[in-house]
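Please build the complete structure, drawing on both the sequences and the hints.
Letter by letter, the chains look like this.
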Amino acid sequence: MGDASIVAERSAGPATAEGRTPVSLAALLANLGPLLALLLAMAFFASRSDRFLTGANLSLVIQQSMVVGVLAIGQTLIILTAGIDLSCGAIMALGGVVMARLAVINGVHPILAIALGVLTGAAFGALNGVLVTNIQLPPFIVTLGTLNIAFAITHIYSQNQTITNVPAALTFFGNTFRVGSTAITYGTVLMFVLFGLTWFVLRYTAFGRHVYAVGNNPEAVRLAGININLLLLLVYTAAGLLYGIASLLSVARTGVGDPNAGQTDNLASITAVVLGGTSLFGGRGKVLGTLVGVLIVGVFRNGLQLIGVESVYQVLVTGILVILAVTVDQFARRRQQ
Amino acid sequence: MRRSLATSQGLRGPNLGRVLLALALMVGVLAQLLPAAMQSVAAQDDEIIVGLITKTETNPFFVKMKEGAQQAADAAGVKLMTAAGQFDADNASQVTAIENMVTAGAKGILITPGDTKAIVPAIEKARAAGVLVIALDTPTEPMDATDALFATDNFKAGLLIGEYAKASMGDTVPVIATIDGSTGVSVSVLRHNGFLAGFGPAADAAATPSAADSVFVADSRVVCSQDADGDQALSQTAMENCLQKSGDINLVYTINEPAARGAYTALKAAGKENDVLIVSIDGGCTGVEAVKDGQIAATSQQYPLKMAQMGVDAVVKFAKTGEKPSGYTDTGVTLITDKPMPGIDSKDTTFGLENCWG
Numbered sequence: 001m002g003d004a005s006i007v008a009e010r011s012a013g014p015a016t017a018e019g020r021t022p023v024s025l026a027a028l029l030a031n032l033g034p035l036l037a038l039l040l041a042m043a044f045f046a047s048r049s050d051r052f053l054t055g056a057n058l059s060l061v062i063q064q065s066m067v068v069g070v071l072a073i074g075q076t077l078i079i080l081t082a083g084i085d086l087s088c089g090a091i092m093a094l095g096g097v098v099m100a101r102l103a104v105i106n107g108v109h110p111i112l113a114i115a116l117g118v119l120t121g122a123a124f125g126a127l128n129g130v131l132v133t134n135i136q137l138p139p140f141i142v143t144l145g146t147l148n149i150a151f152a153i154t155h156i157y158s159q160n161q162t163i164t165n166v167p168a169a170l171t172f173f174g175n176t177f178r179v180g181s182t183a184i185t186y187g188t189v190l191m192f193v194l195f196g197l198t199w200f201v202l203r204y205t206a207f208g209r210h211v212y213a214v215g216n217n218p219e220a221v222r223l224a225g226i227n228i229n230l231l232l233l234l235v236y237t238a239a240g241l242l243y244g245i246a247s248l249l250s251v252a253r254t255g256v257g258d259p260n261a262g263q264t265d266n267l268a269s270i271t272a273v274v275l276g277g278t279s280l281f282g283g284r285g286k287v288l289g290t291l292v293g294v295l296i297v298g299v300f301r302n303g304l305q306l307i308g309v310e311s312v313y314q315v316l317v318t319g320i321l322v323i324l325a326v327t328v329d330q331f332a333r334r335r336q337q
Numbered sequence: 001m002r003r004s005l006a007t008s009q010g011l012r013g014p015n016l017g018r019v020l021l022a023l024a025l026m027v028g029v030l031a032q033l034l035p036a037a038m039q040s041v042a043a044q045d046d047e048i049i050v051g052l053i054t055k056t057e058t059n060p061f062f063v064k065m066k067e068g069a070q071q072a073a074d075a076a077g078v079k080l081m082t083a084a085g086q087f088d089a090d091n092a093s094q095v096t097a098i099e100n101m102v103t104a105g106a107k108g109i110l111i112t113p114g115d116t117k118a119i120v121p122a123i124e125k126a127r128a129a130g131v132l133v134i135a136l137d138t139p140t141e142p143m144d145a146t147d148a149l150f151a152t153d154n155f156k157a158g159l160l161i162g163e164y165a166k167a168s169m170g171d172t173v174p175v176i177a178t179i180d181g182s183t184g185v186s187v188s189v190l191r192h193n194g195f196l197a198g199f200g201p202a203a204d205a206a207a208t209p210s211a212a213d214s215v216f217v218a219d220s221r222v223v224c225s226q227d228a229d230g231d232q233a234l235s236q237t238a239m240e241n242c243l244q245k246s247g248d249i250n251l252v253y254t255i256n257e258p259a260a261r262g263a264y265t266a267l268k269a270a271g272k273e274n275d276v277l278i279v280s281i282d283g284g285c286t287g288v289e290a291v292k293d294g295q296i297a298a299t300s301q302q303y304p305l306k307m308a309q310m311g312v313d314a315v316v317k318f319a320k321t322g323e324k325p326s327g328y329t330d331t332g333v334t335l336i337t338d339k340p341m342p343g344i345d346s347k348d349t350t351f352g353l354e355n356c357w358g
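Chains U and E supply the protein sequences, listed in that same order.
In terms of our numbering, the first sequence is numbered consecutively and its last residue is 337.
In terms of our numbering, the second sequence is numbered consecutively and its last residue is 358.
Fair warning: there could be bad hints in the mix.
With a Cα cut of at most 20 angstroms, we get these calculated DMTMM-like pairs of lysine to aspartate or glutamate [stated by the list, open to error]:
1) Lys66(E) <-> Glu310(U)
2) Lys79(E) <-> Asp50(U)
3) Lys107(E) <-> Asp313(E)
What the hints contain is simulated information worked out from the structure, not anything from laboratory work.
So this is what it looks like as structure tokens:
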């Protein structure tokens with residue numbers, strides 16, 4: 001069933017040849033809508049500001065999207081299993097404070113500090129996974145709890161202090177290299193690599209197909225002899241690992257360990273996933289759509305600023321786009337059934 | 001675009017048609033909301049752009065600041081670009097705003113840092129790109145991370161209400177509660193210590209607090225100190241808890257007027273509103289009203305509009321002459337009360353309401 005839905009999405013055009021009903025408009029929009037919205041937004045801003053469509057500015061937009069981007073990869077995995085994660089931003093903040101404090105205050109070797117910070121993220125992800133699978137609590141409630149726990153630990157551990165003067169290794173991914181005249185941030189390369197890797201895993205491995213299948217029809221997956229609990233535990237842990245990597249990117253981007261980081265990133269990441277066309281009901285969607293979703297938000301934020309519109313309009317536009325995306329998904333879902 | 005797709009394929013049932021109509025309506029509403037954007041777009045290269053980044057967009061203090069900046073920008077014929085964090089300590093949003101403003105070609109950026117330390121690397125990058133950066137209201141840590149600081153002297157703001165409280169209390173033995181802002185935020189430390197310095201040290205105190213102290217100075221007369229983030233509801237809870245701790249509290253210092261109103265509500269519920277002196281800081285219009293009503297005894301009024309106007313003027317001057325402001329400029333603070341004390345300079349609430357913000 002999961003496989004079928006993937007195939008259905010990828011063969012938007014020639015589906016009729018296989019004797020199926022013509023692909024619905026809703027399904028078409030679900031597939032191409034996000035990319036279309038991104039391109040339209042870019043065209044609009046390019047026509048309003050001659051500073052928008054430059055290599056430097058586009059590189060900046062991607063750089064500004066890298067933290068939420070990597071969080072949203074983890075969020076996509078969880079949402080594909082019909083779950084949701086409210087704790088991602090708080091876990092990211094904790095990971096960042098752990099690595100910054102260990103390196104700066106405890107004098108731990110920077111590479112080891114980074115590893116421990118990333119592992120903190122993975123550990124919290126695993127905790128989410130255990131609570132969802134072993135105690136069978138709804139993901140929304142579990143991650144609402146761990147959101148608060150991670151937030152509190154972050155503030156207790158950091159004593160509410162922002163950690164400055166972090167060693168160079170922690171800010172490496174904030175450095176740039178030049179392609180022609182455009183400066184590219186290493187962190188954005190890492191983000192693209194993680195998106196590519198996740199796309200490959202979801203598309204070409206049994207694990208990836210099981211992730212879709214669990215979201216579509218957990219009963220069928222269980223009957224097929226797959227250990228759902230183990231699968232979900234792996235998904236939540238992998239997501240936590242990604243949040244840990246986002247911690248590193250956040251420290252690199254801002255140059256500090258910030259206990260207040262990520263407070264709105266949980267909703268930002270869910271927004272990106274939804275804008276990218278992934279269904280909140282699980283089982284359908286694409287991680288590359290999430291990349292497009294992240295970039296849509298980034299392009300609006302940067303573009304509206306460049307043409308001198310208050311940032312609150314970006315929030316307005318995002319709200320409208322989210323409702324649009326979910327509406328399209330609803331229709332795609334009904335037609336599929 | 002989407003509508004034309006729908007017509008070319010034929011609407012698939014009434015539901016989808018209705019949805020597309022709704023979407024079209026939403027786009028229409030958006031188009032109505034964006035005209036301001038449409039006319040002010042596409043800065044010419046010779047146009048001077050001034051950026052203003054506040055902590056949030058909702059706090060009346062920052063609304064007034066934006067108003068002052070807009071007035072000054074209109075008067076000077078320059079373009080104002082604004083942005084804000086989503087909550088008080090939202091560093092990431094402020095970093096993003098700085099980057100976008102530098103890319104947009106801003107000559108100068110005025111910022112009230114949400115996180116005084118965390119914002120520094122981003123400010124350094126902007127200054128390296130040749131942009132003038134001025135902190136408004138709140139200094140960065142270190143303070144010289146920005147070219148200049150235009151702000152209320154927060155220590156003095158605390159000092160004024162401390163002196164007033166001392167004069168008002170006379171020989172009564174003080175039992176003090178302080179409703180503070182976030183620990184680790186310089187403004188809340190300066191105001192708190194300024195208040196204690198103005199009130200005068202306790203008999204057993206080692207030294208009088210100074211503006212150089214970076215943490216709350218311990219004082220045996222303060223029986224309850226609570227961090228309520230300057231929020232009215234949290235301050236009410238904080239005051240309720242303080243009253244549980246000591247029913248003898250007779251003097252309450254609050255970091256701002258929402259906190260003062262929260263404290264007043266708690267005191268009133270406990271039937272103690274007439275036995276306790278509340279002093280505060282800010283000078284917002286609702287705060288001055290509360291002074292007029294007798295809920296707050298006195299408040300130190302500050303002037304966000306003036307900060308922003310001075311900031312915009314400084315950026316315009318820099319753009320035209322290359323001359324940069326430096327160091328700290330005090331934007332002034334005035335004690336507002338309707339119960340003046342001999343020997344203490346103050347203005348009444350009529351003056352306060354004429355000069356208030358929010």
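Tell me the hint numbers this structure goes against, listed in increasing order.
none
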